[in-house]
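Novice: Mapping of the sequence shown onto the working numbering: residues 525 to 722, in sequence order.
Hints were generated in silico from the structure; no laboratory data involved. A few of these clues could be false.
[To be verified] With a cut-off of at most 25 Å between alpha-carbon atoms, the simulated BS3-like pairs for lysine-lysine come out as follows: (1) K603 with K653; (2) K638 with K668; (3) K603 with K562.
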Amino acid sequence: MLTGMGANQFAEKLGIPQVPVEELVTDHAKAEWEQYRKYKQTVKSLFNTELVHDTVGAVAIDCEGNMACATSTGGITNKMVGRVGDTPVIGSGGYADNLVGAVSATGHGESIMKVTLARLILFHMEQGKTPEEAADSALHYMEKRVHGRGGVIVVSKTGEWTARFTTKRMVWAGIKEGMLMYGLNPGETIQEIIKPSK
Numbered sequence: 525m526l527t528g529m530g531a532n533q534f535a536e537k538l539g540i541p542q543v544p545v546e547e548l549v550t551d552h553a554k555a556e557w558e559q560y561r562k563y564k565q566t567v568k569s570l571f572n573t574e575l576v577h578d579t580v581g582a583v584a585i586d587c588e589g590n591m592a593c594a595t596s597t598g599g600i601t602n603k604m605v606g607r608v609g610d611t612p613v614i615g616s617g618g619y620a621d622n623l624v625g626a627v628s629a630t631g632h633g634e635s636i637m638k639v640t641l642a643r644l645i646l647f648h649m650e651q652g653k654t655p656e657e658a659a660d661s662a663l664h665y666m667e668k669r670v671h672g673r674g675g676v677i678v679v680s681k682t683g684e685w686t687a688r689f690t691t692k693r694m695v696w697a698g699i700k701e702g703m704l705m706y707g708l709n710p711g712e713t714i715q716e717i718i719k720p721s722k
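Build out the structure end to end from the sequences listed, making use of the hints.
Specialist: This is how it looks when you write it as structure tokens:
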């Protein structure tokens, strides 16, 4: 895993062009940074897992049974320079195993890393739990053990999948056999048939 100057040097050797930092900062991120500058007003919310974060994740199984997961995030505002969160840590922010399934996770990064959340879910599945049971077990363990909350999307090697979370809400969507399912709030599942394009 490379961070900081090591990552920059590696990218340069590969010929990946650098862009000015200003181009990477959105108006929303600038406004959020201004809010966090008011330390006394925001110290309690700095690491609040109930707030909206920008993590996006995906899990998939292809027609040959190959499992995949991907997770991307901007991280925590005002994080320490060089901090590596859960997203790039294998077994924490994501994990895929063709013999079991795939997981993508979001939430309080330090908590996710302490329990290696993604791998823990697949461990429960190896013990015979469904994706939903495995996700619920691991998320509740994380909340009880390290007081962290989060959310996950999980798919098994047989194509069973779920989206589970212990935060107030998590946007999720999934497609299986022509059916789109999505939701935001706990217990909410909206279904739509996907019509083939002509």
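Novice: Now look at each hint and say whether the structure bears it out.
Specialist: Status of each hint after checking the structure:
| no. | hint | verdict |
| --- | --- | --- |
| 1 | K603 with K653 | 36 Å, violated |
| 2 | K638 with K668 | 12 Å, holds |
| 3 | K603 with K562 | 15 Å, holds |
Hint 1 alone, counting from the list given before, is not met by this structure.
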